[in-house]
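Protein chains in written order, with full-length UniProt numbering: chain A, 1 to 468; chain B, 1 to 468; chain C, 1 to 468.
Just so you know, these hints were derived from the structure itself, not from any lab. Among the hints, a few may not be true.
Claimed, not checked - Cut-off 30 Å, straight-line C-alpha distance, at most; resulting in silico cross-link-like pairs (DSS-like, lysine-lysine):
| no. | chain 1 | residue 1 | chain 2 | residue 2 |
| --- | --- | --- | --- | --- |
| 1 | C | K46 | B | K47 |
| 2 | C | K40 | A | K51 |
| 3 | B | K41 | A | K382 |
| 4 | C | K382 | A | K41 |
| 5 | C | K41 | B | K51 |
| 6 | A | K382 | B | K51 |
| 7 | B | K51 | C | K46 |
| 8 | B | K51 | C | K35 |
| 9 | B | K119 | B | K40 |
| 10 | B | K35 | A | K51 |
| 11 | A | K47 | B | K382 |
| 12 | A | K382 | B | K382 |
| 13 | C | K119 | A | K47 |
| 14 | A | K333 | A | K417 |
| 15 | B | K382 | C | K51 |
| 16 | C | K51 | A | K40 |
| 17 | A | K46 | C | K210 |
| 18 | B | K382 | B | K51 |
| 19 | A | K51 | C | K382 |
| 20 | C | K51 | B | K51 |
| 21 | A | K382 | B | K46 |
| 22 | C | K333 | A | K46 |
| 23 | B | K51 | A | K40 |
| 24 | A | K47 | C | K51 |
| 25 | C | K51 | B | K40 |
| 26 | C | K333 | C | K417 |
| 27 | C | K382 | A | K40 |
| 28 | A | K47 | C | K35 |
| 29 | B | K51 | A | K47 |
| 30 | C | K382 | A | K35 |
| 31 | C | K417 | C | K210 |
| 32 | A | K51 | B | K382 |
| 33 | B | K119 | A | K51 |
| 34 | C | K46 | A | K47 |
| 35 | C | K46 | B | K35 |
| 36 | B | K46 | C | K46 |
| 37 | A | K47 | C | K382 |
| 38 | C | K51 | B | K47 |
| 39 | B | K46 | C | K51 |
In this text the structure is predicted, and so the values were computed from the model without any measurement.
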Amino acid sequence: MTDTATNMRLKLPLTCFILEIIIIILFGVLVQYDKETDAKKWHLEKKSENKSDYENDFYYRYPSFQDVHVMIFIGFGFLMTFLQRYGFGSVAFNFLISAFALQWATLMQGFLHGLHDGKIDIGVESMINADFCTGSVLISFGAVLGKTSPVQLLFMALFEVTLFAVNEFILLSVLDAKDAGGSMTIHTFGAYFGLMVARVLYRPNLDKSKQRNCSVYHSDMFAMIGTLYLWMFWPSFNSAITAHGDDQHRTAMNTYYSLAACTLSTFAMSSLTAHDGKLDMVHIQNAALAGGVAAGTAGEMMLTPVGSMIVGFLAGIISVLGFKYLTPILEEKLKIQDTCGVHNLHGMPGVLGAIVGAVTASLASREVYGDGLEDVFPEIAKGHLSASTQGFRQAISLGVTLGIALLGGIVVGFILKLPVCGAPSDAICFEDNIYWEVSLIIAAQPAGGAESPGGDCMINQVDHSTPG
Amino acid sequence: MTDTATNMRLKLPLTCFILEIIIIILFGVLVQYDKETDAKKWHLEKKSENKSDYENDFYYRYPSFQDVHVMIFIGFGFLMTFLQRYGFGSVAFNFLISAFALQWATLMQGFLHGLHDGKIDIGVESMINADFCTGSVLISFGAVLGKTSPVQLLFMALFEVTLFAVNEFILLSVLDAKDAGGSMTIHTFGAYFGLMVARVLYRPNLDKSKQRNCSVYHSDMFAMIGTLYLWMFWPSFNSAITAHGDDQHRTAMNTYYSLAACTLSTFAMSSLTAHDGKLDMVHIQNAALAGGVAAGTAGEMMLTPVGSMIVGFLAGIISVLGFKYLTPILEEKLKIQDTCGVHNLHGMPGVLGAIVGAVTASLASREVYGDGLEDVFPEIAKGHLSASTQGFRQAISLGVTLGIALLGGIVVGFILKLPVCGAPSDAICFEDNIYWEVSLIIAAQPAGGAESPGGDCMINQVDHSTPG
Amino acid sequence: MTDTATNMRLKLPLTCFILEIIIIILFGVLVQYDKETDAKKWHLEKKSENKSDYENDFYYRYPSFQDVHVMIFIGFGFLMTFLQRYGFGSVAFNFLISAFALQWATLMQGFLHGLHDGKIDIGVESMINADFCTGSVLISFGAVLGKTSPVQLLFMALFEVTLFAVNEFILLSVLDAKDAGGSMTIHTFGAYFGLMVARVLYRPNLDKSKQRNCSVYHSDMFAMIGTLYLWMFWPSFNSAITAHGDDQHRTAMNTYYSLAACTLSTFAMSSLTAHDGKLDMVHIQNAALAGGVAAGTAGEMMLTPVGSMIVGFLAGIISVLGFKYLTPILEEKLKIQDTCGVHNLHGMPGVLGAIVGAVTASLASREVYGDGLEDVFPEIAKGHLSASTQGFRQAISLGVTLGIALLGGIVVGFILKLPVCGAPSDAICFEDNIYWEVSLIIAAQPAGGAESPGGDCMINQVDHSTPG
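Construct the complete structure from the given sequences, taking the supplied hints into account.
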């Protein structure tokens with residue numbers, strides 16, 4: 001089942017080694033410990049600012065960082081293991097491109113955030129931001145899951161991280177937008193970028209791999225591990241880089257309630273849209289998370305508990321409707337083959353999150369925020385922007401994000417078409433055996449006499465067979 | 001395999017939507033950010049109390065909250081996936097009723113804890129308490145696992161959360177009892193409530209579903225994920241709402257040692273009670289956790305490390321004996337069909353925990369607690385109660401809990417018998433295909449020529465079959 | 001498949017009960033709460049040192065402790081579930097010996113760290129150290145995985161914990177070495193001890209069990225859960241007992257970058273060393289972690305971000321080469337049957353970590369560390385040792401560790417040969433059915449017509465068969 005095109009024996013090692021060595025060189029030249037991690041600088045800081053070791057930012061950010069980290073590696077990694085024969089690729093390519101992207105993002109974001117004495121300072125906050133950027137790449141991975149080689153994924157990450165950093169800089173530093181949980185910078189960006197890559201890499205004969213583009217019982221169970229970690233830790237994700245104190249606390253809580261309401265509306269819609277009322281695991285695994293995405297921008301604002309719930313409630317409904325009705329249309333009419341349905345979990349809820357953020361920002365006032373206004377809306381607090389202008393800037397930011405994501409996705413999609421990348425052919429997609437030594441060979445045979453409620457998805461867990 | 005009764009297409013969406021909309025309305029009218037999460041209030045608090053952002057309660061409770069959250073969604077969710085054909089129902093119904101219960105509990109507990117200016121204040125502490133209440137509902141779910149519809153579960157949660165909040169109020173606010181880890185309020189309550197519901201919903205022909213009421217190799221592996229998360233994070237659970245400082249620290253450590261000793265006695269008893277000395281995964285998955293339950297009440301007290309170990313050691317022995325000998329008796333003589341054996345993990349160890357708490361409380365003194373007495377036993381410290389009266393109050397609390405749980409379980413059990421709830425018939429229990437679109441159909445055939453050590457449990461992982 | 005030798009019905013309960021009762025007695029006599037956990041002592045401490053409850057060490061160590069705890073129970077436990085028929089033994093024997101080892105380690109380490117008024121003081125720091133010691137035992141378990149009885153494992157833990165504590169004392173208290181992440185005390189020690197035990201317990205006819213000494217698709221997926229938790233939480237592991245403030249922060253970050261670089265070089269080497277370029281899950285599961293091991297000693301030093309990356313990059317290369325070429329040689333030439341390949345993940349990378357630590361220590365200076373020198377190298381800061389002497393002490397420590405580990409492993413290996421231990425015969429290794437009630441019986445039949453890329457590993461997931 002391997003042919004020269006997909007033989008990674010030189011392509012993958014070369015790509016990994018070259019990328020890692022470039023990173024090492026750049027880190028050697030450009031990167032240093034910040035004042036919270038450098039032994040000498042921290043002790044000077046303690047003296048000059050009269051701080052104790054207990055005030056090191058580690059204690060106030062690291063627990064949230066660890067939750068974000070788990071979302072990146074376990075959450076995204078296992079959510080994508082629903083594919084019955086792509087478990088290795090899902091979780092381990094997720095692992096590979098994340099390990100690369102967080103390093104490259106440290107450089108790209110560090111560069112754009114501004115050098116200190118010609119150096120990039122790193123600490124737990126840059127680690128969180130690098131994981132955020134990586135999340136965006138993994139969202140795009142979800143759109144093309146099962147249809148790329150690991151070399152294509154590394155190239156995609158290389159360019160996407162750079163574009164992410166540029167977009168993030170424009171939004172947060174130029175437009176003064178707020179987007180703590182990344183409804184725009186992470187979810188909208190990652191989704192539409194990935195969808196464009198998928199469009200450019202459109203596979204006209206993908207139905208030849210149809211029988212593997214589905215789940216089986218235990219792969220759905222593995223995927224639920226991913227779902228639940230994303231759901232449980234999203235409060236930490238959205239609050240990870242908000243200001244200390246009430247901001248982190250409120251953001252976590254807003255997200256928690258958004259997700260709870262989203263779960264209820266997801267189950268409701270999943271049953272309602274099925275002719276026999278049966279729940280669809282795809283909805284539970286994905287749409288139940290939409291509340292976290294939609295609370296990304298406004299989560300740190302005074303969205304109110306009920307506001308958070310309404311946002312999540314709507315996000316779940318939109319997401320299930322997307323999975324049910326929109327994804328097939330995107331595939332048939334627009335030729336966008338979105339493996340994981342990222343448009344329904346990250347795309348539309350991301351846009352919803354941006355809109356909610358714009359509206360909530362435009363309502364900001366000192367009466368509501370008190371002295372907390374400085375933390376959430378520094379530009380409004382300083383009198384540089386009115387609340388409605390801030391809201392307008394938020395809306396513009398959505399447009400900028402969509403522009404860079406769509407355009408960037410198209411360009412990068414064409415780069416990934418280069419033959420050197422070693423993409424699989426249409427007939428061998430969603431198959432681990434291409435890139436992995438797998439002990440269990442599964443043939444693409446129809447299971448004898450089996451009804452197949454998934455329609456085209458063939459049940460093929462025959463345990464012994466000849467390799468195809 | 002679906003009939004009109006179990007068709008959820010209107011029942012489930014209606015139930016979810018109505019419940020969620022009621023919650024949203026009540027949150028809109030009644031719920032507000034507390035002074036740790038509200039931007040304006042926190043900044044006023046900082047000024048008036050001379051606090052820094054680093055003293056926001058978020059930093060001292062959120063890490064424990066996250067561990068509790070993981071126990072609720074992953075711990076309970078996956079522990080119940082041992083059932084070979086109910087993995088979706090176990091983990092995803094756990095997900096659904098938890099998302100509902102934590103919202104409803106916020107309201108019920110908030111109402112009973114006392115309104116501030118007619119509002120319920122929420123923050124990380126109310127989030128922890130809501131998750132605690134949810135835990136109790138999941139314990140009851142364990143008793144009826146595989147035998148209910150999701151609508152029944154939502155109704156059960158609705159009433160159980162309310163009764164939990166009432167019982168918790170009586171114990172903690174009226175009787176001045178201490179129960180930080182919920183041996184009484186969570187475990188005893190949840191177990192006996194659930195057992196009564198199971199009794200009322202007794203199924204005379206449940207043996208028709210017997211072949212699915214068991215595990216297979218990989219479902220036992222999934223369940224171990226649940227077990228280990230519960231075991232590892234129980235120290236956080238028991239300490240989550242104890243007083244800052246030594247209380248949280250001591251409670252976590254007492255629980256940790258209780259569980260370690262419990263694990264040793266569990267393995268010992270599991271092997272000892274098997275005629276061939278072979279270990280039983282059911283014991284390892286469940287009984288090894290009993291130490292956490294039994295250390296719930298006394299965990300924050302000066303139980304001493306050795307005291308914690310003795311408690312855990314005994315809890316493991318009691319629990320395994322329960323699984324081995326008592327559960328069959330409960331089923332045959334008392335008609336209580338306890339799917340997960342919650343009586344052995346939460347019931348009896350919960351009662352043990354209450355007794356240990358009562359005894360330990362009656363021995364409290366300023367010689368032992370020093371100025372820490374105020375934190376653990378404020379009423380003794382203020383001179384309102386003697387230590388022996390406190391111990392007596394603890395014992396009364398156990399009685400009250402049992403009373404409300406047993407009575408409440410019977411009443412709610414009858415409510416759940418309403419036909420509108422859509423319960424499955426005796427022959428189609430423990431089967432995901434009733435409520436879920438499953439790609440893999442399993443027929444209830446005996447595996448050809450297979451010995452079946454579990455006796456009645458048929459091995460039936462045939463991968464292709466016609467739907468029954 | 002059970003014979004008198006492997007019948008655990010008296011051996012295991014007796015061993016567990018005796019060990020636990022001894023521990024309980026010793027805890028009763030020797031162990032007390034430290035000043036952070038004792039109610040009276042903490043409140044006295046608050047007064048005398050003018051501390052607030054927020055300064056209790058719980059808040060600055062417990063989050064890291066929880067991450068370490070997850071690595072011990074989930075990380076190690078599930079990493080070893082790659083064996084297709086030893087999932088129960090892997091995760092649940094890991095559970096058992098860890099629960100025992102952490103208690104025994106509390107005593108051994110407490111005794112060697114020094115008694116206070118004839119008592120061992122315990123708190124979160126001793127809990128972390130006990131988990132560290134347990135990690136070493138689990139590494140050794142990895143070498144003999146599938147080939148021992150649970151009684152042998154408990155005996156091994158009993159002696160290994162004691163030797164670990166002695167070695168740790170010599171290194172940290174006598175030689176004044178630094179080894180925060182345990183490259184020497186945990187990884188090197190555990191690996192070489194385990195390899196010697198494996199050597200003494202050499203099984204000449206192990207090929208009779210060859211068909212089970214391999215993974216299947218979903219067992220590799222379970223193992224990835226273990227891998228990812230170890231990878232994600234290793235920063236917490238290496239930083240868990242470093243000094244408050246910049247030390248914990250820097251150590252976590254150094255480890256994070258070491259692991260990221262290691263992942264890239266692991267994927268590269270895995271593909272490069274395969275004739276068809278296909279990735280090998282064994283490498284991804286294990287070698288990708290080598291960076292965490294190799295950053296153990298130097299992680300708290302001013303290793304620099306690029307230094308951390310170079311260390312991880314090299315560790316990944318060495319580890320994959322070990323899996324590919326060295327493990328078969330160790331087996332054929334030296335008769336060391338290393339089930340998990342611990343030499344490649346913990347042995348060689350541990351030695352690399354020790355060397356890196358020695359070199360980095362020898363370069364320590366006040367110019368680099370400023371006033372942070374006191375935290376990382378107190379003896380250099382006090383002028384008792386020069387940096388090069390410190391480096392030399394580090395190197396000596398590696399030698400001492402290897403000596404105690406190798407010698408100790410040989411002696412303990414012979415103890416484990418005692419017939420009372422109930423070891424399985426060569427033909428029934430890697431089989432859960434010996435010690436566990438398993439519902440699914442698998443016969444050692446070749447799968448009909450199946451190619452087997454693993455060579456000797458037979459695919460045998462036949463779902464129904466007669467018990468062997």
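Checklist line | Numbered hints the structure breaks, given as an ascending list | finding: As far as the earlier hints go, 11, 12, 13, 17, 22, 32 and 33 are violated by this structure, in ascending order.
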